[in-house]
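Heads up: the sequence lines are chains X, E and S, in that order.
The letter at position 36 of the first sequence is residue 36 when you use my numbering, and the numbering goes up by one with no holes.
Position in the second sequence counted from 1, then plus 1000, gives you my numbering.
Position in the third sequence counted from 1, then plus 2000, gives you my numbering.
Keep in mind that the hints were calculated from the coordinates and are not lab data.
Glycine included, each C-beta is placed from N, C-alpha and C at the ideal position.
Keep in mind that a hint or two might mislead.
A few chain S residues that don't get close to chain X, going by computed Cβ distances all over 12 Å [claimed, not checked]:
hint, residue
1, Gly2064
2, Ala2065
3, Gly2069
4, Arg2079
5, Met2102
6, Asp2104
7, Gly2132
8, Thr2168
9, Pro2169
10, Arg2173
11, Pro2176
12, Pro2179
Here are some of the chain S residues that sit facing chain X, going by a computed Cβ distance under 7 Å [claimed, not checked]:
hint, residue
13, Tyr2033
14, Arg2034
15, Ser2083
16, Lys2133
17, Thr2135
18, Gln2137
If the Cβ cut is set under 8 Å, some of the chain S residues that face chain E in the computed set are [claimed, not checked]:
hint, residue
19, Ala2071
20, Tyr2072
21, Ile2074
22, Gly2151
23, Lys2155
24, Pro2159
25, Ser2160
26, Arg2162
27, Thr2172
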Amino acid sequence: MNTPARLRAWLFTGAVLALAACDGPQSALLPRAEQAEAIDRVWRVMLWTCTALYIVVLLALAYAMLRRRADRRREGIASDPLLRKTLAAWVVVIVAFLTAFVALSYAEDRRIRGGEPDLEVRITAKQWWWQVEYLDADPSRQFTTANELHLPRDRTARIELRAGDVIHSYWVPALGGKEDLIPGRTNAVWVTPRENGTWRGQCAEFCGLQHAHMALDVFVHDVGFFERWRDTQLYPARLPETATARRGKAVFEQHACATCHTVRGTTAGGRLGPDLTHFASRRHLAAGLLPVESPHLLAWIEDPQRLKPGAQMPAVPLAPQDLLAVNEYLLGLR
Amino acid sequence: MTRYDDAARRRHLAELERVWADPPGLRGWLTTVDHKRVARRYIVTALVFFVLAGVLALAMRTQLAVPENTVLGPDLYNQVFSMHGSVMMFLFAVPVMEAVAIYMVPLMVGARNIAFPRLNAFSYWVYLFGGLLIFAAFALNIGPEAGWTGYTPLSGPDFSPGKRTDFWAQMITFTEVAALAVAVELVATIMIMRAPGMTLARMPLFVWSMLVTSLMVIFAMPAVMLSSTFLITDRLIGTQFYNPAEGGDHLLWQHLFWFFGHPEVYIIFMPALGMISAIVETYCRRPVFGYTPMVLALVATGFLSFGLWVHHMFATGLPPMGNSFYTAASMLIAVPSGIQVFCWIATIATGKPRLEVPLLFVLGFFALFVLGGMTGVMVASVPLDLQVHDTYFVVAHFHYVLIGGAVFPLFGALYMWFPKIAGRLLDDRLGRWQFWLLFIGFNVTFFPMHYLGLIGMPRRVYTYPTGLGWDTWNLLSSAGAYLVALGALLFVVNVARALRRPADAPDDPWGGPDLSWATSSPPPAYEFAHVHEVRTRTPLWAGPDGEPQLELPVLHGLRTDRREALLTTPIDAVPECRWAMPDPSIWPLLAALSLTVAFVWSIFDPWGVVWGSIPVGVALIVWFWPKKSEPSLQATE
Amino acid sequence: MSSRCLRASVGATVVAALLACGVAGCDRERREYRAAPAAPGSERPRLTDLQPGGTLAQAPSATGARYEGNAYHINQGSRWFRSFNCNGCHGNGGGSMGPALMDDQWRYGGTIDQIHATILDGRPNGMPSWRGKLTDQQAWELAAYVRALSGNVSKAAAPSRREGMAATPPLTRIKPQPPQSSDPSAQNPPPP
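Turn these sequences into a full structure, and let the hints guide you.
What follows is the structure, given as structure tokens:
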């Protein structure tokens, strides 16, 4: 038995992991909001305590296996008082650590819930995309977008979570923990971002065929920039500028596209799919599937089922020139 | 061992042999109620399902090896991972542990057969038919698609069209019936069929663990029975249990499912604890240190496991104060686990360990299970769970506790008990190769998953984009999966090679402490020539260093001209009465067949329950028809 | 042991073989997320079969049968039925402004091909044409669901209760009502 060798292997693996870059747009190891930082504190305490305890157990096991047994004296039967005292001490140690863990996790759990919100957003998860509504006391200042969440830095946002069909789970690791969106219930999370940047979230509760392609882009801006973004989003869609784009608008309104999608300021008013009013200002299409760029969008409109099998958007038969026109029209919706 | 050297004893054995033997040929194969034959079938079937579910896991790891892979499409992937989870949990883990117990518990308590042996045969057939059903459905593209947890509404009628989820839910019904039957038999065997003198305080720890496990099965299974029946009726006849608009609730499913699902994990893990105690005891030649704390720890784990299901639901928006209660309850489980780990290490330290393959697997258990336990404490913390819940961190955690905590001890126990089961020893060198392949392969596969979860990879995704830092770790993990498969293959090779040799295992190859080693390997149909009397906790050992006990006291007085067993009192095991054990019968098989027809029929038509129950009733009536010649219970003189 | 083992493995092989035969005898469940390529000639103009009362004898199309027997398509149809507000006129199939869809009375024919045509082309006195607003596959799926509303699809494929308020019994539990020749009320159409 070569327990020390195994132990070395473990320590080595740990060191490699610690050195490996843990950034990435969807990592919980680089907290960028107050709530994520609270969770990260729990994580650090537990990681190091548990690692230490783990090493203690393995060392004890190694000692038990490797100790010299030259003497054949009858030792350590159930009545051995030293072993019994050690057992009692071990239980006390475990209970002490657990009590500390419970207290810590309760204290940090209180921090990540609640707070006076500066901003209210409602996210409704659907198979397989996110509908994002910015709420406001003034109805004219409410608007709907999709698959993107923009937040002001150092402000607390309360995000109301609802589900349109099955259970989903909102999770943006850099900003905090996850919370389920359950039909018939309303949940909420609070987010207070601490750094400008772009992060990625993803549905974390298995929600059917395209659970893997249900991402949410999150942008954190300065307050001023955020307000400007919000004002832009309130405008109806831009009018098409080129002849092709104008044709695209007509095709969009007269074909099945408009049955499901809304483009504010046009006759397209479907409520089934994402609001496309400012589609081209978004980073990704189809909930993080592909970047909003011409060849990708063209392929998506032509046959969504090839790229995201099972998605609710059907392939709408369009003549090639109509397809190009719709593509150009959508890419102009900044 | 008692020696038989005169003609009277030979006649005694010949008569026992004649009375307890199965009919020859196919009839005997179909009608047998011998717990050893049934258990062997159970073990082989469960291991076959293990291999099949393992192949599904390989398919998943192949799909996930590189980003944007297209080996499996989303629909097939969802079915594959749902099958993998369901088969591993319902058709492998619980049944294989019960199967080993069906074989070993009657031997360990010195009984002639398991209690209710026909029920035992029935339970095997029901289990087999349920397993065949779900694989046939999977082959027809009607496999489960909503995960092994089958959350509504995704598994409900509106989002899972067709019969996929119905077959899955009905497969659970099959395994429930089988598991409950076995649990009842084991409780009865342990409570009233122990050898005289084997008081509760002298029971082997494996028997204790199976007693607690069986009681947990009896209390946990009704919850999943309710939840899956509600789901079937929602889907088939339009009840509204899981429809919030009509007064139902989706969280009802989660509560019911996890009220079963969390104890389920301990139902799998608890027998493994007993196996570890048996292995440590045998290979260190030392009674386990702290018998009483060990038993109390088992019972405490059994109770606690029913009080912490909500830690699967921290992200569903339940009240924070309630969540914290479940955090505390979940973490409490670490106390009995810590006690047991301490006691085993103390036993090893004070004993004289022989590093045979089974002990090697136990050492592997320590390395893996303790790590899984640590991550378990982490996921019990509400804030931390909100980050890692439903990510690969959790996937890593439960594979560490289930494979490290249950499958490693199981392999160890199979190496130890294989001579008792098959009359042959497994090859030691192949066993060591298997251990190291499994151990290294397992860590390569699952350790990176901790990190993958922390850097954002959710569970149950059929593919993932590149550029999130997940690619290398997934590739590594997939490579490890093939190592694990190789290790499992070595076990198959080892068993196949052993079975080609003649049965030459000695009665007690390891110098074990309990009664199962006091008979031949494999034991005859009547188990023991005479009923043994037990006076210590380790009846085959004369002293604390495992010196062999040469003379075992026996009890006379049971009739040998018919199948008869001795019943003893539940606590002190004082002989109480004699019990006529049933003969082989075809009716358990026929009852299981008609039950299968009723269950499958009811997937398509609710009237299947009504009409299908008629043949079941007929089969049960014939099965239980009283026979005048066999008074069922008779007081001993 | 080894002879028992041999027998057990022979038994297992026999069972596996029987199972394989059984499995091979059944149809695999189909899930098609994209429309199958249209059969040649299926895009014929639908101009002449628009008439009240008795319908023109038409051979049922293979496409219709494929949709009608498929649980996934029927389920998608039920989704579209709610999403595109068919309920607005047909009230969960019970009818209000539009005719009921759960009975055996059909003004313009109750086969899946006729319903498909009704959806795409529209009918006088209220039913709008959805051609161009829906894809052909969506129309087929809707038609299959409408057939299920009167119990005219296989029970194994019919949808059970839906999420949301329950307005009808689950379609797995209703009595099949084969289409009758015509709806008596169609003989006296209401004034436009």
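Evaluation of the provided hints:
1. Gly2064: 18 Å, holds
2. Ala2065: Non-interface label stands for Ala2065 (chain S): nearest chain X Cβ at 21 Å, farther than 12 Å.
3. Gly2069: Given that every Cβ of chain X is farther than 12 Å from that of Gly2069 (chain S), nearest at about 20 Å, it holds.
4. Arg2079: 8 Å, violated
5. Met2102: 25 Å, holds
6. Asp2104: Check passes; 30 Å lies beyond 12 Å.
7. Gly2132: 6 Å, violated
8. Thr2168: Consistent with the label, Thr2168 (chain S) stays out of reach of chain X, its closest Cβ about 20 Å off (over 12 Å).
9. Pro2169: 22 Å, holds
10. Arg2173: Label holds. Min Cβ-Cβ 23 Å, cutoff 12 Å.
11. Pro2176: 29 Å, holds
12. Pro2179: 28 Å, holds
13. Tyr2033: 5 Å, holds
14. Arg2034: 4 Å, holds
15. Ser2083: 5 Å, holds
16. Lys2133: 5 Å, holds
17. Thr2135: 4 Å, holds
18. Gln2137: 6 Å, holds
19. Ala2071: Check passed: Cβ of Ala2071 (chain S) comes within 4 Å of chain E, closer than 8 Å.
20. Tyr2072: 5 Å, holds
21. Ile2074: It holds, given that the least Cβ distance between Ile2074 (chain S) and chain E is near 7 Å, below 8 Å.
22. Gly2151: 14 Å, violated
23. Lys2155: 7 Å, holds
24. Pro2159: Pro2159 (chain S) check passes; min Cβ-Cβ to chain E is 6 Å, inside 8 Å.
25. Ser2160: Nearest chain E Cβ about 4 Å off; hint holds.
26. Arg2162: Holds, about 5 Å.
27. Thr2172: 6 Å, holds
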